[in-house]
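Got chain H sorted already, so can you dock chains G, B, U and F onto it with the hints?
One line per chain: the protein sequences are H, G, B, U and F, in this order.
Residue numbers for the first sequence follow numbering that gives the first Met the number 0, beginning at 0 and rising by one.
Residue numbers for the second sequence follow numbering that gives the first Met the number 0, beginning at 0 and rising by one.
Residue numbers for the third sequence follow numbering that gives the first Met the number 0, beginning at 0 and rising by one.
Residue numbers for the fourth sequence follow numbering that gives the first Met the number 0, beginning at 0 and rising by one.
Residue numbers for the fifth sequence follow numbering that gives the first Met the number 0, beginning at 0 and rising by one.
There's no promise every hint is true.
Result set (DSS-like, lysine-lysine): computed pairs, CA atoms no more than 25 Å apart in a straight line [unchecked claim]:
(1) U:Lys77 <-> F:Lys164
(2) G:Lys349 <-> G:Lys246
(3) F:Lys77 <-> H:Lys164
So the derived label-pair ranges between C-beta atoms look like this [claimed, not checked]:
(4) F:Asp205 <-> H:Glu119: 38 to 44 Å
(5) F:Ala274 <-> U:Asp81: 44 to 50 Å
(6) B:Pro325 <-> H:Glu321: 33 to 39 Å
Hints in this document: simulated from the structure, not taken from any laboratory.
Only a predicted model underlies this, so the values are computations on that prediction, with no experimental measurement involved.
All C-beta atoms in this analysis are idealised placements derived from N, C-alpha and C, irrespective of residue type, glycine included.
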Amino acid sequence: MVTPDPSRSSLKQGLPPGTLVHIGERRDEPVTISVITYDEQHYDERCAVAPESLPDLPDGRYTTWINVNGLHETGLVKAVGDRAGLHPLTEEDIVNTRQRPKLEEYDDYLYIVTRMLRYEEGAVRSEQVSLILGPSFVISFQERAGDVFDPIRERLRLGKGRIRKEGADYLTYTLLDAVVDGYFLVLEEFGDAIEGIEEEVLASADAETLQAIYAAKRELIELRRSVWPLREVVGALERGESPLIQKAMRVYLRDVYDHTFQVAETVETYRDTVAGVLDLYLSEQSRRMSEVMKVLTVIATIFIPLTFIAGVYGMNFRHMPELDHPWAYPAALVGMATVAIAMLIWFWRKRWI
Amino acid sequence: MVTPDPSRSSLKQGLPPGTLVHIGERRDEPVTISVITYDEQHYDERCAVAPESLPDLPDGRYTTWINVNGLHETGLVKAVGDRAGLHPLTEEDIVNTRQRPKLEEYDDYLYIVTRMLRYEEGAVRSEQVSLILGPSFVISFQERAGDVFDPIRERLRLGKGRIRKEGADYLTYTLLDAVVDGYFLVLEEFGDAIEGIEEEVLASADAETLQAIYAAKRELIELRRSVWPLREVVGALERGESPLIQKAMRVYLRDVYDHTFQVAETVETYRDTVAGVLDLYLSEQSRRMSEVMKVLTVIATIFIPLTFIAGVYGMNFRHMPELDHPWAYPAALVGMATVAIAMLIWFWRKRWI
Amino acid sequence: MVTPDPSRSSLKQGLPPGTLVHIGERRDEPVTISVITYDEQHYDERCAVAPESLPDLPDGRYTTWINVNGLHETGLVKAVGDRAGLHPLTEEDIVNTRQRPKLEEYDDYLYIVTRMLRYEEGAVRSEQVSLILGPSFVISFQERAGDVFDPIRERLRLGKGRIRKEGADYLTYTLLDAVVDGYFLVLEEFGDAIEGIEEEVLASADAETLQAIYAAKRELIELRRSVWPLREVVGALERGESPLIQKAMRVYLRDVYDHTFQVAETVETYRDTVAGVLDLYLSEQSRRMSEVMKVLTVIATIFIPLTFIAGVYGMNFRHMPELDHPWAYPAALVGMATVAIAMLIWFWRKRWI
Amino acid sequence: MVTPDPSRSSLKQGLPPGTLVHIGERRDEPVTISVITYDEQHYDERCAVAPESLPDLPDGRYTTWINVNGLHETGLVKAVGDRAGLHPLTEEDIVNTRQRPKLEEYDDYLYIVTRMLRYEEGAVRSEQVSLILGPSFVISFQERAGDVFDPIRERLRLGKGRIRKEGADYLTYTLLDAVVDGYFLVLEEFGDAIEGIEEEVLASADAETLQAIYAAKRELIELRRSVWPLREVVGALERGESPLIQKAMRVYLRDVYDHTFQVAETVETYRDTVAGVLDLYLSEQSRRMSEVMKVLTVIATIFIPLTFIAGVYGMNFRHMPELDHPWAYPAALVGMATVAIAMLIWFWRKRWI
Amino acid sequence: MVTPDPSRSSLKQGLPPGTLVHIGERRDEPVTISVITYDEQHYDERCAVAPESLPDLPDGRYTTWINVNGLHETGLVKAVGDRAGLHPLTEEDIVNTRQRPKLEEYDDYLYIVTRMLRYEEGAVRSEQVSLILGPSFVISFQERAGDVFDPIRERLRLGKGRIRKEGADYLTYTLLDAVVDGYFLVLEEFGDAIEGIEEEVLASADAETLQAIYAAKRELIELRRSVWPLREVVGALERGESPLIQKAMRVYLRDVYDHTFQVAETVETYRDTVAGVLDLYLSEQSRRMSEVMKVLTVIATIFIPLTFIAGVYGMNFRHMPELDHPWAYPAALVGMATVAIAMLIWFWRKRWI
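Chain H with its partners taken away, still in its complex shape (with noise of 0.2 Å):
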């Protein structure tokens, strides 16, 4: 489904505010729990942990990633967010996944919302990803299985690159910067798509075309919704004044402001491109249909009157004279040749020939 939907449906209708309602699309797998652990030495990695088991945060000694996959069951999610501390409202907006990205100040965390796209059978899918970052830890929420992450995951085991030299604020860089190198990739999918609709439309446009166009159209302003307020939500984490982030971070949150920049330029001039083949279909239709009526034009001007001409000597008058003589035959149809070769001169001067 494409129409943009309000973020909060009739089923939370006069419940108290706090109380956590998923909405999103039902889901059946279950939920899992990862949980990294590490420093520049340690690393320790645990999968499908129960809440129960989830370490202290903050930890104190490393730094603790902890990613939720699966948003449904609102009660595995409100008991890692008590573990963490997070107020009611952050809760509540972390299983409501039709959310625009923003950035929230809370007293010991930050509370950051994404939302992550990916290029799947030719649509654009696009998951809410919920990131938390506090003293010494990092928690991120998914709608489903499958991320962006898994580079970041194998730099982490491998060590490779500063990642494990840093602490959380790095990490949560990192994931930033690998959501906003995901749109790059759905961008490139979505430039090729353009540039065939464009072909098409020059080739031979037809209803399914302009289906394709009007398409394009409304996942450019789906994805316009996740872009312009991203580049907000990293403009005002690298302007912000939060403990939480070290000075030396800001030329990398920079960086992804600029990348989350050109996302949104490229956005805006894919619309801009998008009207353009909009209007370039309408031309085309407009001067295709010219055409048809040009060719209608010529055969009709030229055949009406010649049609009258045999239509008059078809006439059963009896004293019609020119019907007796020998050349009146020939005659008659010279002059229709005449009439319709002095149409065509006509027309090809007007250049419609």
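Same frame as chain H, but now just chains G, B, U and F:
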């Protein structure tokens, strides 16, 4: 009636400012006043209270919520307003039901105007709700009975959640939250309606579809007028410095602000979508017309020349030697078929058939 | 004449700044000056006052309101202006009746330009009203007799409401308020006119409808030019630091600001609506044309092939064996009917009939 | 030539900054320099002054106005500029006649670029005027002889008004004022032209009308490029802190600012109007085409079936019993008339005729 | 390829930040490095320098300009960057050739990204140029050999103008100035191209014209992406507080800012112009189609009734008394002529012919 209407009518022309004149739909129902006083232990609810027997405001011990249904008896409204010490201009605004949402800070109360939306019989109904937030009281003025506040009354009665533990500012927040939640319901209905129009456009667009698109466009303009200023109102409340609102309240107001933001954004998206649907409608229509023209052109350009040929041999010239030839008729038929087939091939190569 | 016109015409070209040249419609009526002086107890009203016998300004004891009707006798305007100590550029602006609303602060007076609108004979009439707010006097300059201030004069005479208790700033406020209230009347008429056009578009749009839409569009552009700057003027008055306006006045000015905001917003909504009506007009026209084309196409594509068949059997070839068959004529008719019915079924399935 | 043109051409490519290259239309007239020196008592005017015999700047006692007509002899411009101590970049800008209006503050002078507009032979002619405001001198550089400053020279000669009592800043103001006043004349002509186009559109629009609309659109884009930045320039002058401009001057500059604002606004209104005229043109054309189609459809749908009937009875089948009936011919004619009348009624009810 | 492309491709997906991956067109030419060191007396130029033999940076005595042509050998770029002490993110950005212009301030250098445009073979070629401004050095990274800097090298060699007297900041300015000057050349070509399209539209618009308009539109979108951010970059440099740029430099940067402003404005004007050309194209097409329709309608409505009359007298009814009358045939011809002439007069009065 859907036309946007100026909020002050000819009735007021020339009256001194502060004169209470009810502007809005005429109603007959009696005005009813209900009063709820509560604190954590205590709860008292009275219906159909006369203005004389209203409690003192502020009460001191309890939080008081006075709800007035119906604004057409301006005397009653004035009685309630004077009791609460409202400025004459505030009273004037309360009974003028065609205002845009706004927040006005007076010395000892905040005056909030919002619009409560409901979807009734396929159309959006908008009702003005004025909220007065005083030191320990809230007064709500509605245009008529029936509202989105019943779940709040229920929570007050049952003492569920934090509502009984908090004061008038929290009550104001829950009322605003309920109003904004109501918008999501309206938007859901609206989204369905737009999707319906869309399918209709692609299946079989006619004059009614066009009018439906146009009506949706106008309702969205109306919606926008309710939603955008409300965003500013809630934003101003959140950022505001009013001593009537406690610091701890701000996180809740930020949440409402977020929701109004989402509503506003959804309205914008719908506007884009409806504009897109109109484009689609126009393109579809032009595409269909183009198809109609092609059919006409194909039929006409094939048969007009043939009819001409038939006309030639229908002429009554005495000396038309070919008429007497035994194979002339079949030859003429074959000639005609050749012309027709040549035309068809030409059309086929032009992709018209 | 509706074309927007530059405010300074060729008449002024090359004159030194400060030269009073009346720019606007030529008038013949004599200029009349009326003076009202009042305080809470006292009230005095004089009509047709000569400029020589004007009271001293500021008066000290009373509040004075001088109203000048007619600006074409620049000598009189200059006499009044000099009496009140106006800057030459202010006097120049007063007689130049094609200005946008503005607020100018001089050392000892405020100069406010507004436009008073009235709906006369189906068109919006706009008249420039200049207000001078001095320490205890107000001077109003109008283009001609007849205004929206009569109820204010009445309230002054009767001492109704607060008006006699307050000073020149309150009088300025009531004058502005009366001007803005007049806008609502104009907008009501305008709203009705737009609704009329709308119905016409859906019933039977023709060239006049198009011109009506276009005229409405232009009048709205004009209206906008009056309303938007007025909003800024009132906003500047409200926020301003001028000692001529008391603090307690601000709440009233906020009210006027609110009303100008509503007017401005309504004008914008009307612009959107008129744009929508134009779209509707164009779509309706294209839909109707499409219908016309379908009728032509259906009739033509049914009968053109039939006429061809008739033409074939009207040919005069000697050897056309089928002509002699006794059942040939009925068979031909049945064949034609079959073709026609097949065509009709095809059209019906294409939803053209 | 109307295409907007970059201000620095290929001529400059690769030259060091500060190299004087004249960019603009080639001219042949000689460059002429005139010098006016004045104070309240004294007035002296010299024409065709050689750069060597220019007075010292600043003069100390008198105010000096040097006017240079013609910029194509860059040597002369450089001589004058060096005399006045201008920065090389300023001199470079003076001879580059394709700049947007701007204000640049240097340590001891202000550099103002404006465009002087005149309506000549049905087209807007734009000429760059550079003003240098120094401590007690003004230098004006124009592209060619002929300007809007003659009334100022006259006022200087006669000592009329304040001009001889004030210094170089007042002179600068009067020059700017004269330039802006010239805009009003151009706008008046333009308004008339637009009104003419409008009437043409409603009477008989053809290809020339379309090109006139398009030309007006482009000229307005050009005008806008002259007017909008000028507004900023004058605004910056008014708000500026330059010691070269006395405090008392600001009220005059505010007046010029006002006028530029009006000009800018009128240009915007004209843009809206021209856009509206284009819409009107397109709608009119589509309405007329629709009318053409209706005529075709009515004629064709009436006569095509009749022609078919005539064709049927023109067939040469031997056995067509109705042909022999004495009343058959009148019956056929009556039948045809019935079909035609039925069609006409149908069209009339559809409001096509 | 013209599609706007995301700046980071799938190649980078999952790599740690700071990893150098060349993004852009693949190239084969070898990377070449040239070094120029100079002060007022001294000038030294070396081509094809190996990264190992680069001078120390900063040099202390001389100003050094290192130019790198080719970014596809990321090792070389890294070597140069490390030598100059660049941040890994800067190096990453240098080799990513699909960035928007930007300015980044690091502790001891400024990083400027611009795009150098050239018009080659009828299309705009865009190349990324990164400039590093250090204490006494400038490093420029280009995508390939061939640039707009040759005149600067010439001026350095000859010691013409101020360039050898000033430091690295002046060199940066001249490089930026040369880049912006290059834009003017591109815009000139572009302006010519647009004028060509315009003439084509008015003469004989066809499908190629439409595609040319569309292509121009897209290239302008691209151009805009290069120009607008550059304006901000130069503006930030001018306003900036960086100690790397001397105060005296600001007036030069203001000049470049001015030029970028002009370029940006010209691009906007071109966008308006191209939009206008598209409107013109569509209007022209609709006008021509309308003309085609008129011809068809005139011919068809004249001859269809005549053909019908001829058809009537071609019927084979036995009893058609008028057929036997000796003057019937001429009378029928006269009747037909009368009908035709009446039609023609009617069309003429409707201004269709």
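Verification of the supplied hints:
1. Restraint check: the Cα-Cα separation between U:Lys77 and F:Lys164 comes to about 23 Å, which is no more than 25 Å; the hinted pair holds.
2. A C-alpha spacing of about 73 Å is found between G:Lys349 and G:Lys246, which places the hinted pair above 25 Å, so the restraint is violated.
3. Pair hint F:Lys77 plus H:Lys164 holds up; C-alpha atoms about 23 Å apart against a cutoff of 25 Å.
4. One distance hint, 38 to 44 Å for the beta-carbon pair F:Asp205 and H:Glu119, holds here, with the actual separation near 41 Å.
5. One distance hint, 44 to 50 Å for the beta-carbon pair F:Ala274 and U:Asp81, holds here, with the actual separation near 45 Å.
6. B:Pro325 and H:Glu321 have their C-beta atoms about 35 Å apart, which keeps the hinted 33 to 39 Å range intact.
Of the numbered hints given earlier, the model fails hint 2 alone.
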